[in-house]
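S.K.: So the chains spell out like this:
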Amino acid sequence: MESTMPVLILAIPLFTFLLLGLLGKFMQRGMAGVIGTSAMGITLVLSYITAFTYFFSGNPLFISAGGDRLQAVIFNTVWLQFTPDQIDAAGQIVKHGLAIKLGFLLDSISAMMLVVITTISFMVHLYSNGYMRDHHGVCEKGFQRFFAYLSLFSFSMLGLVVATNIFQMYIFWELVGASSYLLIGFYYTKPSAVSASKKAFIVTRFADLGFLIGILILSYYTGTFNFTELTSVPVEGLNDVYAVSAGTAEHIRSIFADSKAPLFMGASVMTWALVLIFMGGMGKSAMMPLHIWLPDAMEGPTPVSALIHAATMVVAGVYLVARLFPLFLMQTSALDIVTVVGAVTALYAAMVACAQIDIKRVLAFSTISQIAFMMVSLGVTRIAHTDALGHEVHEGLGYMASMFHLFTHAMFKALLFLGAGALIHAIGSNDYTAMHGLRKYMPVTHWTFLIGCLAIAGIIPFAGFFSKDEILTACFGHSTVWAIWMTLVAGLTAFYMFRLYFLIFWWKEHKVHGEHVPHDQPWTMTLPLIILAAISCVAGFVPFGNLVTWNGHPITGAGFFTNLDNLNWNVAVISLCVAIIGILVAMKMYRKENPLPEKMRSALPRLWDWCHHRFYWDELYMFITHKIIFDRVCKPIAWFDRHVIDGTMDSFATMTNRLSVAIKGLQSGRIQNYVWVYLLGALVLAVVTMLCVL
Amino acid sequence: MEKTMLCYLIPSLIMFCCGVYGFITRKNMIAILISLELMLNSVDINFVVFNRFLFPGSMEGMFFTLFAIAIAAAETALAIAIIINVFRSVKNVDVEEVSKMKF
Amino acid sequence: MFSNILIYFVLIPLLMLAGLGISRNVKQIRAVAVVGSTALIALSVYLLVDYLGQRAAGNEAEMLYTGSWSWFTPLNINLSVGVDGISIAMLILSSFILFTGSFASWKIDQPKEFFLWLILLSTGVYGFFISIDIFTMFMFYEVALIPMYLLIGVWGSGKKNYSAMKLTLMLMGGSAFLMLGLIGIYYHSAPAGQPLTWNLLEIAHNNAISTGWQHFLFPMTFVGFGVLGAMFPFHTWSPDGHASAPTAVSMLHAGVLMKLGGYGCFRVSMYLMPEAANDLAWIFLILTGISVVYGAFSACVQTDLKYINAYSSVSHCGLVLFAILMINTTAMTGAIMQMLSHGLMTALFFALIGMIYGRTHTRDIHEMGGMMQILPYLSVCYVIAGFASLGLPGLSGFVAEMTIFVGSFEQGMIDYLGGAGSLRLVFTIIACCSIVITAVYILRVVGKLLLGPVHDDHHRQLTDATWWERLSTATLIICVAAIGCFPNFFEQLIRFTFNPEFFRALAANVPVLN
Amino acid sequence: MDYSQFLAMKQEIGLLIVFLLVFLYDTFMPKKALNGTSVFTCVVFAIYTALCFCCCMTDTWATTFSGMYATSPAIAAIKNILNVGALIVLIQSCKWANSDEQVVRRGEFYELLLATLFGMYLMISARHFLLFVIGLESASLPLAAMVAFNKNRYESHEASIKYLLTAVFSSAVFMMGLSFVYALAGSLYYTDIYCAISTQPSAMLVLALAFVLAGMGFKLSLVPFHLWTADVYQGAPTVVTSYLSVISKGSAAFALLVMMVQAFGLVYSQVWEWMLYALIILTITVGNLFAMRQRNMKRFLAFSSVSQAGYIMLGIIAMNATGMASLMYYILVYVFSNLAAFGVISAIENNCGKVDMDDYNGLYRTNPRLSVAMMLAMFSLAGIPPFAGFFSKFFIFTGAIQQGSTAIYVLVLIALINTIISLYYYLLVVKAMFINTENGCVIAPFKSACSERLGLWISVAGILLLGIVSCFYNSLLELCQTYGIF
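Protein chains in written order, with this note's numbering: chain A, 1 to 694; chain H, 695 to 797; chain U, 798 to 1311; chain E, 1312 to 1797.
Check each hint, because a few of them may be wrong.
BS3-like mimics (lysine-lysine), calculated; alpha carbons at most 25 Å apart, straight line [what the hints assert, rightly or not]:
(1) E/K1758 to H/K796
(2) H/K785 to E/K1462
(3) A/K635 to A/K440
(4) A/K592 to A/K508
(5) A/K664 to E/K1758
(6) U/K956 to A/K635
(7) A/K511 to A/K627
(8) E/K1758 to U/K909
(9) U/K909 to U/K956
(10) A/K664 to H/K785
(11) H/K794 to E/K1665
(12) E/K1321 to E/K1462
(13) A/K141 to H/K785
(14) H/K721 to H/K794
(15) A/K508 to A/K440
(16) E/K1665 to H/K721
(17) U/K904 to U/K824
(18) A/K440 to A/K664
(19) A/K101 to H/K785
(20) A/K635 to A/K511
(21) H/K796 to E/K1321
(22) H/K794 to E/K1758
In short, the hints are calculated from the structure, not lab data.
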């Protein structure tokens, strides 16, 4: 496969960004939207072609004779050489030095991500053409800027997923962070948007610190940043994952297996490296306790939330763990941490989502919870074994499930967010209290939103059902406790999503204020909703087991409706039941206006408060950052600098001055005094010298 | 011989000290000038005595003394002239009076 | 003498001085400044191209374009010049900052005097970077320091007298130690019986400074240069000095002059006294490590834009010295990259702050807000500068910091696993933390100053950047982005300097490099 | 007696001839022509200076009068330096000497000045303490008269009486010290003393050396023997002050160097290194501490010259050729820098009588050239490159460190730290002229006299060129390395 197309996939959004960023203000606003959207459309087509080629062309570059999918480095150029290559006398490279390369790695997950990103991004571009206008169809101020940022984000996200090495990933990781910052703060005159963007950037920056240190440790021990080398470890009892020279694989394996590798606080350094890298993922994917930025990030325009904070960027953490999965698999304690963090976050976010008023916040917490599902799914993945119920668990089932869920979740969550955007655009408020009973006014939005809710709740045959079911199956395969836990969370998910649905579209009749009647939005906004709803209906049937697995080895045989065939019906029934119970409870409580919710709330006031206030995490962070770091660290340091360090420097000057004044009496102006000092000086000089030398 | 030399040196030392004391304590500039002469003369005595008792073979000390006396005379003349000048401007020869410039 | 291209780096500024001397009006003065600084850019770019050509042709000498003209012959003082990749990087940096600085001071009062001093300062800077004789180096170093006094004192703002005096005296205090150190080096520059020398390369080759003397002379020179490099606790001139200085002076001072410190530490202290560098690195590692986080923390609570930037310079320049002390090829390469990067972006910052201050007449972030609506061009530039500062990939800061961190961490692990203590490792991790704190203070400023609602309605009348301001800032942004996007070019330029031949002295004493 | 011995004294004889010419001109010329006295003196002295340059640099060294008098290229060089300084002083003095007040006694002024210069020559060339004392006294006594030259100003009287009384006291102490030396060595020849005193120091030798150093310290204004300096500098006519501060100090420094090396060289490390060590630290520090508070420019420069004397002493304590050459070079540079400063001060004083630093506020706006000259002088004194002062300071430190002991490193470090204080007060002057705004009583723009401008141009040229053009220092160092001081 020649590299033109991959280069274009990255270059077109970048070029669009530069074009709109630099020349945007010289073009008409609408024009910018057209340029941005069509550029994204081209990228979409190219990505589809690339992904299609990867999965279905049968090219030996991409698939081995045994049917295993391979990693293919389409191109890779040195961007920054840290340490030079070691060259022997014959001019052969003995050992590659550390270098950041920029390249294009095509394998199953990156191909899948290309599809996800470009699809969602294109939908969001299209949608924004309608959303970023007022009711008279006039583009908002900063329309060009908006599309420039969207292009920048698409570029960064695409760069992230196709990274050939961990440092390239880090680079684009930072870039998506920055574009997220810019987009959250798009309405920069709003102080809340400004502070939300700042919070998002800083929290993820903090997580990136861990990521960076993790990279440093990893690269020091393994001597490479490249994924192909890092993740090529042959694990006991398994086939080699990817075709890399045996020497490299052996080397990296030995590093991980090395019992001499130093322990730090009871864990091997490699575990620490992976945990620190995972910390980066926690930041981006808003895992507890680094989740606090995501709800605030909803200050950005809703399409942005759909693109960045639901579908693509926030799953980067999952993608990162998946990318390094073979390494994680060798340090299962790191995977345990992933599991625990994911499970706790999933429950937490689900509980909080039940008690939010702002519809975007509900969706945000739901996103957190769903990403946590993916994390848990990765965390429970182990090599093949027999589970507690006696079933044979496929190796890497959880991995596949996680990726699957990532895919389906991107679709239905984007759908939900875009639907929410349509509602907000129509109503002009984020709160469901201002909505209620909208089903008659906005039918398209209503139906697509319902499909999204069904998908996320995991009702057969919508996309979420399949992916969630696989995740639960994987959980059962690993640990019953986590499986039950996650099943409960799944039920909770169904509950809060339908709570939201009913509160928006039912509850009571909508009160129309003035002449403004809510109505469905123009085609640019409804079309993406319909497309995404359609995808949400069918995405569950994509045979992920064939396409995306952790070692490229297909889990199931060929065939298209394999997902249905391979369901573990025990689990599926349980999860379906739980989901339906959740929906029914929600229906009971919120379909018609009734006092039940109020009663529930007053029955458990403490629980409601904690959930409503997100368990006071923001307050805790406020306390730590403002009261401790700002007031107790920064301010004292600044004070110390001005008064102690600088004061010392100044005091040299003052003391010199004082001394100067103190000795001025020496120059008394009287001759006799002068002579006296003179003689005394001579005598003292003589006496002291005598004492010293004689 | 040592003793004899000391007989001259000790008065010379006393002269020097008197000169210093006088310089430091007297208020009248003329008195200060006289004290200075005392000091210079004690130096002269020293030279002569050292020459006479320690190095009788040469005359260096003697000659030095002669020149020193001449120089002292010049100094005195100049000093008197300047003191007169000062007297003209402050109508006084009190050394305390001429301490306007200080610190 | 005039066949050596390097001499023109001093001659052009001198000609500019002469040109300024005979200029009669503002236009002529500007013409001289612009033509001269453009010529310097052209010269440095030509030098770069030619240098790379020579290297490509296989010229492996440590320094190219070397030339030596005897000056104070009986004392072995020569006017020796020569450059390697590092010096060339610094020369390019200086040229660009002088160029943009000239545009940034387009409307200055008393332009003739201002430019005279500014050009004198840059003469010192250029002379310093091309010298390989430590006497001439020191001389040019001091030439560069003194014009600061008048530049701040006459054209500054705020408590300028205090700041100017403090800056000058503290830097001179540093150079007092430095002078002693350099003279000390001279008297130990050659084995007994051979002629002494001031020439850097010869001293390094003679390698005659005994370890005992190194232990005395290394701190002297390191502290001497370190004061200019804003090393904790000798950095306090920097906030006041920068806050009071006029725009172009802040740019040149933070952008170039502070680099003299790092460059000197590297060229003189580390290169000539590797054993002591190895033995005593821990003291200065602690100090510079503190600088890095301390400066960043202090910047978090400042309200004056220039103070914020000055403290951020303390942090970033601390990182330069920190990386130099790692005695690791990668980290040192990173240090030089950081010098380039910090020079450009801090110049950009100061240019922008100056331009904003020139309009609003305040630098207090509480008195401003929503500048993005009023001054979109300047604000966007400010955001870009901020991103460069907090290390966004694609801009220069990221490249430099990452190179430093990778190198430092490597050295830290080598130390740690080799039983040489965990100091380097611990401080590397502490230094890494600065990327978070940097983000905090940069975004704080961006949020308060540029975003949000307009704070003061009087500001609504302000006009956005003029063409010369645009030219100045755009040039700097292009440079920052160029380094950020094509780092390997610069990295290779610098790295060649660290080839085994050049690094021999260090390599002999430091167990593991790479 | 072989009169050819006198040929070794070419410079002294030349100076005598100049003296006589001036004397004769002043005495016998018609009244009208007397207005030309200043010009005549300057021209004759300039010719003499030029001749000295041409003739005397090539001399090898020679002693005469049974070794009482010696000359060498180095000594000729230092005399030439003094000549140049004196020439600049003479040029600068024209305006003052021709003012109504001074016109009746301007002849005397020139004669006295030349007489003191003659005394200084003798001090430098003396190899016998008798000749030295004669030189010392003939250098200092006429100066007292010169200090008193402003007959109508009270300060002038106070300054002269202070100068004279302390000077005589100091020479009494000095001669007392000499008498002890004589007692120890039995001779007053430097060479005899050098051989005679034992390297095991006795109390008497220490006392003698302390007294000798005190006597010389007076001329050099080393702390604590410096107390007269500020008052006298302030009170004396500015021209005399400048003469005192450069020529008199420079000659004394060199004479001290010769004396210490030639007569007491063997007890260097035992005795006087430490005395000088202490004196240097005291001098530099105390001088600086006093200088930083001064508002009167002349007084300010007095204390600055006190601390400069400390730096000069570093050249002596070095005890090597580099130190000696650096000392000569330092004096040379110091002559130009200080005379530039005094030139500006006297130009302003002659014009409007202002000598306070506060009066200089905003001087740059009204008199840019004078301020630039003053700034260059200050930078040179502070040791800022590329002005000559930087090189002289650097070289004197280089010379001192060549001595090599740890103590010297400490000494140099202290001296270097003191340069920060000195930079502070030199910058205060620059600040007043360039940065401070006028506070009402600004010095109006004026055109200074030709003579003053000429003097300033020469000084400024010296400041700019002496450092960068290396031949001055190179030739001095080569001289010292080839011929030594001895």
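S.K.: If a hint holds in the structure, say so; if it doesn't, say that too.
M.R.: Status of the hints after comparison with the structure:
1. For a cut-off of 25 Å, the pair hint linking E/K1758 to H/K796 is broken: about 33 Å separates their Cα positions.
2. Between H/K785 and E/K1462 the CA atoms are separated by roughly 15 Å; this keeps the pair inside 25 Å, and the hint holds.
3. Taken as a hint, the A/K635 and A/K440 pair is broken in the structure, with Cα atoms around 57 Å apart against an allowance of 25 Å.
4. Restraint check: the Cα-Cα separation between A/K592 and A/K508 comes to about 6 Å, which is no more than 25 Å; the hinted pair holds.
5. With a CA separation close to 38 Å, the supplied pair A/K664 and E/K1758 exceeds the 25 Å bound.
6. In summary, the hint linking U/K956 to A/K635 is supported, as the alpha carbons are separated by about 23 Å, within the 25 Å threshold.
7. Of the supplied pair hints, the one linking A/K511 and A/K627 is violated, its CA atoms being roughly 44 Å apart against a limit of 25 Å.
8. Proposed proximity of E/K1758 and U/K909 is supported: the alpha carbons are some 23 Å apart, at most 25 Å.
9. Taking the CA atoms of U/K909 and U/K956, the gap is near 24 Å; set against the 25 Å cutoff, the hint holds.
10. Between A/K664 and H/K785, the direct Cα distance comes to roughly 29 Å. Violation of the 25 Å bound is thereby established for this hinted pair.
11. Using a Cα cut-off of 25 Å, the hinted pair H/K794 and E/K1665 holds, with the two alpha carbons roughly 18 Å apart.
12. Restraint check: the Cα-Cα separation between E/K1321 and E/K1462 comes to about 36 Å, which exceeds 25 Å; the hinted pair is violated.
13. Pair hint A/K141 plus H/K785 does not hold up; C-alpha atoms about 91 Å apart against a cutoff of 25 Å.
14. As the CA atoms of H/K721 and H/K794 are separated by approximately 16 Å, the hinted pair is consistent with the 25 Å bound.
15. For the proposed pair A/K508 and A/K440, the alpha carbon gap of about 12 Å is at most 25 Å, so the pair holds.
16. Our distance criterion of 25 Å between C-alpha atoms is broken by E/K1665 and H/K721, whose separation comes to about 33 Å.
17. Between the alpha carbons of U/K904 and U/K824 the distance comes to roughly 11 Å, so the proposed pair stays at or under 25 Å and holds.
18. The suggested pairing of A/K440 with A/K664 is violated, with an alpha-carbon distance near 95 Å, which exceeds 25 Å.
19. Among the hinted pairs, A/K101 with H/K785 is inconsistent with the structure: their alpha-carbon atoms are about 95 Å apart, more than 25 Å.
20. In summary, the hint linking A/K635 to A/K511 is not supported, as the alpha carbons are separated by about 52 Å, beyond the 25 Å threshold.
21. Straight-line distance between C-alpha atoms of H/K796 and E/K1321 comes to about 43 Å, which puts the hinted pair past the 25 Å bound.
22. Distance restraint check for H/K794 and E/K1758: the Cα-Cα separation of roughly 33 Å exceeds the 25 Å cut-off, and the hinted pair is therefore not satisfied.
Comparing the model with each numbered hint stated earlier shows that hints 1, 3, 5, 7, 10, 12, 13, 16, 18, 19, 20, 21 and 22 do not hold.
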